[in-house]
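**Student:** Spelled out from the first residue to the last, the chains are:
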Amino acid sequence: MNPQEKLARLLRLFAAFARIGLFTFGGGYAMLPMLQKEVVEKHGWATEEDVLDFYAVGQCTPGVIAVNTATFIGCRLQGIPGAIAATLGVITPSLVIITAIAAFLRNFASEAIVRHAFGGIRVAVAALVLQAVVKLWKTGVKDILGFLLFAAAFAAVALGNVSPVFVVAGAVAAGLAAGRTGLLQKLQARQAASAKAKQRTSEGAGAQETGSSQSSGAASSEGDGK
Amino acid sequence: MNVIPLLCWEFLKTGLFSVGGGLATLPFLYDMASRHSWFTVAELTDMIAVSESTPGPIGVNMATYAGFSAAGIPGALAATLALVAPAIAVIVVISRFLDRFKNSRSVSDAFAGLRPAVTGLIAAAGFQVFSMSVLNMEAFRRTGDILAALSWIPLALFAALFILLMKTAWHPAAIIAIGAGAGIVLGL
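Protein sequence lines correspond, in order, to chains A and B. If you use the numbering used here, the first sequence closes out at 428, no skipped numbers anywhere. If you use the numbering used here, the second sequence closes out at 391, no skipped numbers anywhere.
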């Protein structure tokens with residue numbers, strides 16, 4: 203492939219992902235239909251299964267899921283330049299639109315009607331965040347270990363002013379430690395019989411303390427409580 | 204003082220440690236609001252509203268808006284690029300052994316710990332949004348009476364909007380629009 207052809211392909215990648223960014227409201231699952239249309243149907247860059255695979259891995263790597271998925275597909279197609287082109291594509295519409303809105307709002311923030319509108323909007327945002335927490339709770343907090351990690355993370359940030367960086371690192375360590383010391387068996391047991399599972403969760407919770415480097419005060423007080 | 208290098212550093216950390224999509228960057232931004240004078244908790248809440256009702260991934264929109272608030276257009280560019288830089292590095296490495304990563308026990312173990320902790324982090328950020336927008340914390344501090352913090356109109360609006368969200372499949376932008384209308388009518 204000559205350099206000109208390479209550049210043209212990078213530009214197509216950039217444009218496709220800019221369209222995906224432009225027509226995705228909210229990110230996450232919202233991007234999947236658009237992703238399938240551009241990547242699978244229009245350009246034939248990947249199969250439907252590939253796209254779902256990329257999306258699944260995009261959820262498990264740090265950062266914004268939509269960006270991760272874009273980076274992944276770009277990387278698969280054209281290596282590091284492709285990863286960069288796809289990533290820049292997906293963030294470009296946000297950069298333009300959000301900057302315009304932010305500049306606009308800055309000029310009108312002192313108008314009474316805008317202030318009242320945002321007074322109501324903030325209440326709506328509180329409801330939206332609570333809804334997000336309820337959704338995450340349903341998939342993420344399933345047992346006593348999950349509840350302890352939820353409570354420890356909440357307390358560390360809301361009460362202890364601990365940086366979220368340490369909470370995330372501590373949670374990874376806790377998950378790894380719990381897995382090494384029998385979390386998986388515990389989960390299988392829970393599916394088999396809920397009575398048995400209850401007994402075994404205390405093992406999992408014990409593992410959380412040894413693995414957790416975050417908010418040791420909160421973790422140990424919960425340990426005493428059980 | 205030039206804030207761009209510090210802005211880049213903060214958003215590199217956010218990009219590297221925010222996992223789980225959607226509002227995952229929120230706890231990091233509230234952390235920033237408490238440590239820097241770039242934006243307030245109230246401004247951050249407005250950013251969530253704008254990010255949820257405009258095109259583009261929420262995390263990217265939030266970074267662009269926060270960067271713009273901190274340092275104008277150069278700040279918007281710096282924050283957004285810094286946010287996505289770790290993802291590019293991580294994914295270029297992972298894509299070389301995708302299958303091993305996908306089936307790795309360690310990855311699923313780590314996520315067993317991450318999911319509930321991230322839920323707790325976002326709940327903590329949500330608590331800040333709630334106490335800023337619904338409760339009257341200033342009255343509470345002045346009088347020391349917890350009941351003084353309860354302002355009934357925003358509380359009722361909050362309950363109504365939350366029930367709408369749980370019972371219907373309406374887009375967040377519609378809920379935000381209702382909130383804006385109610386805010387103007389009720390003079391919030």
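I should point out that these hints are in silico values taken from the structure, not numbers from a laboratory. Every value quoted in this text rests on a predicted model; they were computed, and no experiment measured them. We put the CB at the ideal spot given by N, CA and C, even for glycine. Any given hint might turn out to be false.
Which residues of chain A face chain B? A few of them, derived with a C-beta cut under 10 Å, are [what the hints assert, rightly or not]:
hint, residue
1, Pro205
2, Thr226
3, Ala311
**Student:** Does each hint fit the structure? Answer for all of them.
**Tutor:** Status of the hints after comparison with the structure:
no. : hint   : verdict
1   : Pro205 : violated (21 Å)
2   : Thr226 : holds (6 Å)
3   : Ala311 : holds (9 Å)
Violated hint: 1 only; the structure is consistent with all others.
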